[in-house]
Amino acid sequence: MARKFFLWMGPAIFLLAGIIPAAAQDYPTKSINLVIQYPPGGSTDLTARALANGARKYLGQPVICENKSGGGGTVGVALVAAKPADGYTIGIVTSSPTMAFHMGKLNFHPLNDLTPIMRWGNYLFGITVQADSQWKTIQELLQYAKQNPEKVSYGSPGVGTPPHLAMEELSMVSGLKFTHIPAKGIAENNTALLGGHIEMISDSSGWAPLVDAGKFRLLATWGEKRCARYPQVPTIRESGYDVVARSHLGVIGPKGMPKPIVAKLADAFKKAMDDPEFIAIMKKFDMDFYYLDTEDYGKYMQSDFENIGKLVKKLGLDKK
Amino acid sequence: MDLINQLFLGFAVAFQPLNLFYCFIGVLIGTLVGVLPGLGPVAAMSLLLPATFHTTPVAAIIMLAGIYYGAMYGGSTTSILVNIPGEAASVMTCLDGYQMARQGKAGRALGISAFGSFIAGTVGILGLVLIAPPLVDFALKFGPPEYFSLMVLGLTILTFLTSASMIRALMMAAFGLIVGTIGLDNISGLARFTFNIPELLDGVGLVPVVMGLFGISEVLLNIEMKIKREVFTTKVKGLLPTLQDWAKSTGAIIRGTVIGFFLGILPGGGAVIASFVSYAIEKRVSKHPEEFGKGAIQGVAAPEAANNSAAQGAFIPLLTLGIPSNVVMAMLLGALIIHGVTPGPLLLSQHPQLFWGVVASMYVGNLMLLFLNLPLIGLWVQLLKVPYSILFPLIILFCLLGSYSINNSTTDVAIMLVFGVIGYLMKKVSLEAAPMVLAFVLGPMMETALRQSLIKSKGSFSIFFMRPISATCLIIALALMIVPLLPWFRRPGVTLEQEDVK
Numbered sequence: 000m001a002r003k004f005f006l007w008m009g010p011a012i013f014l015l016a017g018i019i020p021a022a023a024q025d026y027p028t029k030s031i032n033l034v035i036q037y038p039p040g041g042s043t044d045l046t047a048r049a050l051a052n053g054a055r056k057y058l059g060q061p062v063i064c065e066n067k068s069g070g071g072g073t074v075g076v077a078l079v080a081a082k083p084a085d086g087y088t089i090g091i092v093t094s095s096p097t098m099a100f101h102m103g104k105l106n107f108h109p110l111n112d113l114t115p116i117m118r119w120g121n122y123l124f125g126i127t128v129q130a131d132s133q134w135k136t137i138q139e140l141l142q143y144a145k146q147n148p149e150k151v152s153y154g155s156p157g158v159g160t161p162p163h164l165a166m167e168e169l170s171m172v173s174g175l176k177f178t179h180i181p182a183k184g185i186a187e188n189n190t191a192l193l194g195g196h197i198e199m200i201s202d203s204s205g206w207a208p209l210v211d212a213g214k215f216r217l218l219a220t221w222g223e224k225r226c227a228r229y230p231q232v233p234t235i236r237e238s239g240y241d242v243v244a245r246s247h248l249g250v251i252g253p254k255g256m257p258k259p260i261v262a263k264l265a266d267a268f269k270k271a272m273d274d275p276e277f278i279a280i281m282k283k284f285d286m287d288f289y290y291l292d293t294e295d296y297g298k299y300m301q302s303d304f305e306n307i308g309k310l311v312k313k314l315g316l317d318k319k
Numbered sequence: 000m001d002l003i004n005q006l007f008l009g010f011a012v013a014f015q016p017l018n019l020f021y022c023f024i025g026v027l028i029g030t031l032v033g034v035l036p037g038l039g040p041v042a043a044m045s046l047l048l049p050a051t052f053h054t055t056p057v058a059a060i061i062m063l064a065g066i067y068y069g070a071m072y073g074g075s076t077t078s079i080l081v082n083i084p085g086e087a088a089s090v091m092t093c094l095d096g097y098q099m100a101r102q103g104k105a106g107r108a109l110g111i112s113a114f115g116s117f118i119a120g121t122v123g124i125l126g127l128v129l130i131a132p133p134l135v136d137f138a139l140k141f142g143p144p145e146y147f148s149l150m151v152l153g154l155t156i157l158t159f160l161t162s163a164s165m166i167r168a169l170m171m172a173a174f175g176l177i178v179g180t181i182g183l184d185n186i187s188g189l190a191r192f193t194f195n196i197p198e199l200l201d202g203v204g205l206v207p208v209v210m211g212l213f214g215i216s217e218v219l220l221n222i223e224m225k226i227k228r229e230v231f232t233t234k235v236k237g238l239l240p241t242l243q244d245w246a247k248s249t250g251a252i253i254r255g256t257v258i259g260f261f262l263g264i265l266p267g268g269g270a271v272i273a274s275f276v277s278y279a280i281e282k283r284v285s286k287h288p289e290e291f292g293k294g295a296i297q298g299v300a301a302p303e304a305a306n307n308s309a310a311q312g313a314f315i316p317l318l319t320l321g322i323p324s325n326v327v328m329a330m331l332l333g334a335l336i337i338h339g340v341t342p343g344p345l346l347l348s349q350h351p352q353l354f355w356g357v358v359a360s361m362y363v364g365n366l367m368l369l370f371l372n373l374p375l376i377g378l379w380v381q382l383l384k385v386p387y388s389i390l391f392p393l394i395i396l397f398c399l400l401g402s403y404s405i406n407n408s409t410t411d412v413a414i415m416l417v418f419g420v421i422g423y424l425m426k427k428v429s430l431e432a433a434p435m436v437l438a439f440v441l442g443p444m445m446e447t448a449l450r451q452s453l454i455k456s457k458g459s460f461s462i463f464f465m466r467p468i469s470a471t472c473l474i475i476a477l478a479l480m481i482v483p484l485l486p487w488f489r490r491p492g493v494t495l496e497q498e499d500v501k
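As they're listed, the protein sequences go chains A and B.
All residue numbers for the first sequence refer to numbering that gives the first Met the number 0, where the first residue is 0 and numbers rise by one.
All residue numbers for the second sequence refer to numbering that gives the first Met the number 0, where the first residue is 0 and numbers rise by one.
Mixed in with the good hints there might be a few duds.
When the alpha-carbon atoms are kept at most 25 angstroms apart in a straight line, the in silico SDA-like pairs for lysine to any residue are as follows [what the hints assert, rightly or not]:
hint, chain 1, residue 1, chain 2, residue 2
1, B, K457, A, G174
2, B, K455, A, V151
3, A, K183, B, T410
4, A, K283, B, P344
5, B, K457, A, N147
6, A, K282, A, M272
7, A, K224, A, D211
8, A, K150, B, L139
9, B, K140, B, I475
10, A, K183, B, F194
11, A, K309, B, I186
12, A, K183, A, M171
Rather than coming from a laboratory, the hints here were simulated on the basis of the structure.
Chain A on its own, in the form it takes in the complex (with noise of 0.2 angstroms):
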């Protein structure tokens, strides 16, 4: 008899504590869930939780990281995707998923499946040649490509990633033509260049030690603006085309998140781009600095998702 009651008592508990909702106010209330969408030890990771630690002090509880890679970065943010937006899960994005989803390759929408929180990040790319290739700047890279179609070859870290999408959009915007090979990362790549089996890679900037080495030369940069590291090297749009490699990394969550929870967790990110050691890990990663806010946010994303869309289409690599 006691225990019967106390057998459906402690169910009966744990429900009312469920439908209590969690006030805004009062959130968090307990550990936050961080997905990051690639393995442990790469850039965005190390970078991430070091991002998760500096928030960790303005949100009051611990944010745990969690790696949930595959798919290019889409199988982690398709896993925050589908849990309830109660700001216990979230996730780290980066453009990957938008590209992902034009190539008819994803199974939610990046837009309308995700709540933007705030931007924070960007990868560098560049593109790198052997130290005593005949090209010793870009605009003779450019020139030598124009005058021998598709005889240039260059590696990318894969189909669909930013540095290959970059590559292609130069090719629509010049008209010159280069031969991709396609590889799976900069190691892969770093190797292929330093054995001379390709002549120039377009990647992220793992070719940073080779460089300073001397056995790589950087010819140019993909971003807005010059980076910190290399600041004596031209960026792509400096060399007369527009382009820039779209790329950068936010923190979402699922989509429906009430507004009061997402803006304390942009609050304490944004904060914690200013702990010291994020922004050490940050420079030693080579990663810009790339912070907007969740207005901004969710308008950069909607631009982004637009902009992939035609480039995307325009490249052939619809596949609807």
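Since chain A is already given, all that's left is putting chain B on it; use the hints.
Quick look at chain B alone, frame taken from chain A:
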């Protein structure tokens, strides 16, 4: 000589109490992680990475490296005891190691595996120190055409892996190739065989597949047969390898070490392929190839030596060029960057203490592992005396946990179970798993290399024959395929058809 000075510097660094401590922790955790099926060194390293932030870069790398090569030691334990590869590189050890365990020779198998790993690791470190730079230059000459031809050579070697019908082996290889195509194709961007399951976009994981094919299927088989397991409860004859074992295994260890080291250096190569190739070659050069698969000690010694020297070889591209040759090295790269050390060609000149300290501590680590593993053999052997009805649920539990822990994904668990059933069915009709696994590993790399080469050559196949290294590999592969057919090369004991023996 300058090199001796550097080595002394390295040992001075390695023997600092802090570094010794971290080395021990690393190899201890590595061994545990290797023993537990599924949980691999990457998971352990990522968990411990934040703990290293508060120590010196040298100590951090020493510990993380220790986890990696420690796992190679531990991975053979479950392979031998219960036919579950603790690590993908320990798959080949299952074939003969487990059979030896069933014959009461588990201690000897574990022993030769530990010693072989130690010898291979030590030689690997010597190689790293002495011949790394010219070797790296040679490895860099391997572009997509060379990789393709090397993979073709690797696949022809699989013909040596079979103990039975060639047709069955080729069937399994074809199956492996098909399973290898599952996922997002890197070159065209098309998703193949993913059935809209996002977790399959990265393909089917190797570890869940081998855990299923070897481990789960074995459990299923045993449950079905309800073996009384008297074989295991008889007194285990001797815990250490006998002199005879040593005599037989010396050649295997040497060959395994050399093969493993070279394959470990190739970016994209690695311990898994090294273990397969060394097993196959060992079988080929043996005077009694029919013993392989039934408990030949060389079948344990060779792959174990290979996977350890490959682990040492894998450090070379990272430490000399800053290029990680596998996922584990990529983690170390990230760890180094966090500590403010950027690996690259300048690492040796800018941080000689780090370089030589890590190299010296690898030797210390290997020594520690030998002393850790040998006494444990007695303990592991006791495990075999546990009644199977208690053992097998524990095995399945560890497999389930282990396969989930790889990527925090239930898809991996599902894959393991599916391949467990497939493996069980395969065993029922005596289809071998080893050719399938080899093709599964080599297939995707081969396909990517083929297509990259053809993009470069604009569709011309001559690229494979115009480049010397590539042409050499292809010619060797062709020779290996044709030679066994020629009558005057036919080896005694290998019959293509029934022959009368008078």
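Outcome of the hint check:
1. B/K457 - A/G174: 20 angstroms, holds
2. B/K455 - A/V151: Since the Cα atoms of B/K455 and A/V151 sit roughly 10 angstroms apart, the hinted pair holds (cutoff 25 angstroms).
3. A/K183 - B/T410: 23 angstroms, holds
4. A/K283 - B/P344: 17 angstroms, holds
5. B/K457 - A/N147: Within the cut-off at roughly 15 angstroms; holds.
6. A/K282 - A/M272: Roughly 12 angstroms between the alpha carbons, so the hint for A/K282 and A/M272 holds.
7. A/K224 - A/D211: Judged against 25 angstroms, a Cα distance of about 20 angstroms means the pair holds.
8. A/K150 - B/L139: 22 angstroms, holds
9. B/K140 - B/I475: Roughly 18 angstroms separates the two Cα atoms, so the pair holds.
10. A/K183 - B/F194: Cα-Cα ~22 angstroms, so holds.
11. A/K309 - B/I186: 22 angstroms, holds
12. A/K183 - A/M171: 24 angstroms, holds
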